[in-house]
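For the record, the sequence lines run as chains S and P. Each step along the first sequence adds one to the number in the working numbering, with nothing skipped, and position 153 is 153. If you count the second sequence from 1, you need to add 303 to reach the working numbering.
Far from chain S, some chain P residues (derived; all Cβ distances over 12 Å):
#1 341
#2 342
#3 420
#4 439
#5 456
#6 475
#7 483
#8 540
#9 582
#10 587
#11 593
#12 628
#13 649
#14 657
#15 680
#16 725
Partner residues aside, some chain S positions facing chain P, computed with beta carbon under 8 Å:
#17 48
#18 49
#19 51
#20 71
#21 136
#22 151
#23 155
#24 158
#25 160
#26 245
#27 246
#28 247
#29 249
#30 260
#31 263
#32 267
What the hints contain is simulated information worked out from the structure, not anything from laboratory work. Every residue, glycine too, gets a C-beta built ideally from N, C-alpha and C.
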Amino acid sequence: MSFLGSIARHRESLAAWTMVAPALLVTLVFALYPVLDSFWLSLHHIFVGIPSLGRSFIGLENYFNLLHDPVAHQALLVTLAFVVLSTMLELACGLVIALVIHERFRGRGLVRAAILIPWAIPTVVASQLWRYIFNDQYGFANLVLFGDRVTEYIPWLAYPGVAFMIIVLADVWKTSCFAALLILAGLQVISDDLYDAAKVDGAGAWQRFWHITLPLLKPALLLALLFRTMDAFRVFDLVFVMTQGGPGDATQVLQFYGYQTLFTEGRLGYGSAVSVAVFLMILSLSLIYLRAIGSNLLERRRT
Amino acid sequence: MLLILLTFCGPVSDVPAQPSTDRTAASSHPVILRFVSWKPDHQRVWDEAIAGFTKTHPHISVVRELAPHSSTAYHDLLTQKLKNRDTTVDVFFMDVIWVPEFAAAGWARPLDGRFSPTMREEFLPATVAVGRYGEHVYGVPSRIDAGLLYYRQDLLTKYSFTAPATWEELIHQAERIVAGEQSGNPTLRGYSAPFKQYEGLVCHMLEFIAGHGGSLLTPDGTTSTLATPEALAAVQFVRDRVIGRLASRAALTYQEPESLSVFLQGHAVFHRNWPYAWELATNQTRSTIAGKVGVASLPGFAAGEHAATLGGWLYGISAYSQHPDEAWALIEFLSSQATQKKFAQEAGIAPSRQALFSDPDLLATMPQLSNHFAVLQSATARPRSPVYPAISHLLQRYFSRVLAIDGIDLAQEAAITDAHIDRLLALTRTAP
Numbered sequence: 001m002s003f004l005g006s007i008a009r010h011r012e013s014l015a016a017w018t019m020v021a022p023a024l025l026v027t028l029v030f031a032l033y034p035v036l037d038s039f040w041l042s043l044h045h046i047f048v049g050i051p052s053l054g055r056s057f058i059g060l061e062n063y064f065n066l067l068h069d070p071v072a073h074q075a076l077l078v079t080l081a082f083v084v085l086s087t088m089l090e091l092a093c094g095l096v097i098a099l100v101i102h103e104r105f106r107g108r109g110l111v112r113a114a115i116l117i118p119w120a121i122p123t124v125v126a127s128q129l130w131r132y133i134f135n136d137q138y139g140f141a142n143l144v145l146f147g148d149r150v151t152e153y154i155p156w157l158a159y160p161g162v163a164f165m166i167i168v169l170a171d172v173w174k175t176s177c178f179a180a181l182l183i184l185a186g187l188q189v190i191s192d193d194l195y196d197a198a199k200v201d202g203a204g205a206w207q208r209f210w211h212i213t214l215p216l217l218k219p220a221l222l223l224a225l226l227f228r229t230m231d232a233f234r235v236f237d238l239v240f241v242m243t244q245g246g247p248g249d250a251t252q253v254l255q256f257y258g259y260q261t262l263f264t265e266g267r268l269g270y271g272s273a274v275s276v277a278v279f280l281m282i283l284s285l286s287l288i289y290l291r292a293i294g295s296n297l298l299e300r301r302r303t
Numbered sequence: 304m305l306l307i308l309l310t311f312c313g314p315v316s317d318v319p320a321q322p323s324t325d326r327t328a329a330s331s332h333p334v335i336l337r338f339v340s341w342k343p344d345h346q347r348v349w350d351e352a353i354a355g356f357t358k359t360h361p362h363i364s365v366v367r368e369l370a371p372h373s374s375t376a377y378h379d380l381l382t383q384k385l386k387n388r389d390t391t392v393d394v395f396f397m398d399v400i401w402v403p404e405f406a407a408a409g410w411a412r413p414l415d416g417r418f419s420p421t422m423r424e425e426f427l428p429a430t431v432a433v434g435r436y437g438e439h440v441y442g443v444p445s446r447i448d449a450g451l452l453y454y455r456q457d458l459l460t461k462y463s464f465t466a467p468a469t470w471e472e473l474i475h476q477a478e479r480i481v482a483g484e485q486s487g488n489p490t491l492r493g494y495s496a497p498f499k500q501y502e503g504l505v506c507h508m509l510e511f512i513a514g515h516g517g518s519l520l521t522p523d524g525t526t527s528t529l530a531t532p533e534a535l536a537a538v539q540f541v542r543d544r545v546i547g548r549l550a551s552r553a554a555l556t557y558q559e560p561e562s563l564s565v566f567l568q569g570h571a572v573f574h575r576n577w578p579y580a581w582e583l584a585t586n587q588t589r590s591t592i593a594g595k596v597g598v599a600s601l602p603g604f605a606a607g608e609h610a611a612t613l614g615g616w617l618y619g620i621s622a623y624s625q626h627p628d629e630a631w632a633l634i635e636f637l638s639s640q641a642t643q644k645k646f647a648q649e650a651g652i653a654p655s656r657q658a659l660f661s662d663p664d665l666l667a668t669m670p671q672l673s674n675h676f677a678v679l680q681s682a683t684a685r686p687r688s689p690v691y692p693a694i695s696h697l698l699q700r701y702f703s704r705v706l707a708i709d710g711i712d713l714a715q716e717a718a719i720t721d722a723h724i725d726r727l728l729a730l731t732r733t734a735p
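Pulled out of the complex, with its shape left as it was, chain S reads as follows (with noise of 0.2 Å):
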């Protein structure tokens, strides 16, 4: 009996093997490849402008080299300030919407679907919109401040710090609605019963909040946190198309810097070594994050 178990076992996990082989395929050939190749790239001295250099294997020189540059140190910077303000008001505004879209009111799907209209425009086109509402003559943000005061226009784009805040404004515009989005899945798998216990038992609605709301929405705001971080330690659109990353390096984060260097300088072996840095701190990010939602998980099933 043994004998034929183990063979029809053994066709089993064979089968399953088949089955997955195509997803198994795909992603070690479009994500692990590219990523063990950057990595290779980023252990030689490439510059596609002299050739001559050619391809010399340089170690660990590159990220050496990264650990002592300025530009990366102001671009990791702008991009840690950035990935800290943009995740923590998108989880305030989105946590906001989706207990505004979680309740019973005329016109509630109007609402919900009207929502994610800013998370479906494309960036580029979103960080066109608000280079032209933040535009210094004709910008939206200009006019209704001013309106007809056009000596008192102020050119928002051309100071450091407000063009950062701008580029973060954009954001956080662009995905709350998406934090919204989890954090309403969340809600929606609390159980009216707790609500109604809690009534019973005299509770007001901020207690409810804040004892049964907020701790049973845990999973849902780490799950949405987990995806904005990974997002916005990615920022580079927002970047390219309003500032390409000016005035005086103030809105340079690192994707835009690792493009830089890759692309229009054709540093290969340094601008990869920017690209794996910033795979390796999204990585670790998120295996941080997936501890603490996998810990929070287990301690709900033994509640």
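Following the hints, complete the assembly by docking chain P onto the known chain S.
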């Protein structure tokens, strides 16, 4: 009849098969030439020029791939194709700053045999010089550019000024005019120019630095010279007297098109741009100040010491092209006397052929050409290096930082940038 196929950033799948009557069995094989170009300001003029080519070369059809108007975006798209040894690129434009990179990387085909010394003599020497790298010549000059000062002729006349020779004079004139026009035109500013963090910033800052007797590199091209007193003083001048004073602080967000539009809408007395802006500024449909514009050399810091950055575009043939003969035929046609004249007359593009600067027809519509001739002859080139894109990023960063960030230490930033550029330059020298 042949059709010209215009594509927008993408290959074409079908090319019209035309059983035309004038094609005999003896004629050459049909060839599709791919010309990667930026998006031109005057689409129609280019369409007509290429239609003219295909009429005289019926076996060649020209497919144009249009990249964005921005030089850097065009560079990134084109070099991406060339890095991949893409055979679907035959003819392309090279910015004057790219020739060393394209030559060293082996992307551009040497044209020594085709672009003969006698042919070269017909072009402005400066434009032929930028097409050379090492022993070979890689580009045929399409158009030459140098920074020029555009100004409001009507306003200068009203306040009885003539075009300023120095920046001090320009500031003085601008202050008087802006103060005098305050009531009628409250948004009028003295100056409009591109100061955004991008390639154009390097072009314009070089004009201030060279106009002050400074430079970006030592003459032998081995050392960066931003921290020299001349260069520092020029940058200090822009930072203290131009940004937020002579020009709106908004100039820190302007590339060429935005700064030009400020001028065309009548919001600036003076404006820095390339020769092509003349056609747009005098064009009734695009400009609110048509007929009120003058153009001159950019001012200097002492009378007669002005400097203009050399710009412009060259035609090149890809090293991976499978139709170099047909590609050369297209380049010959587009850079011919007749085609350049058409571009000058209808698109305001400054020619690269010497003879056209004394062409009576052209001088009648573009009287400023004779002045351009002198400016173009003495224009200052940006550093010539295969790693120029990397040098430029460091320069853009430096200029933008010291202009945009209040209280930043200018001398320190200059020294840091010098050190970085020196490291890059050393790299090119150690190359075996």
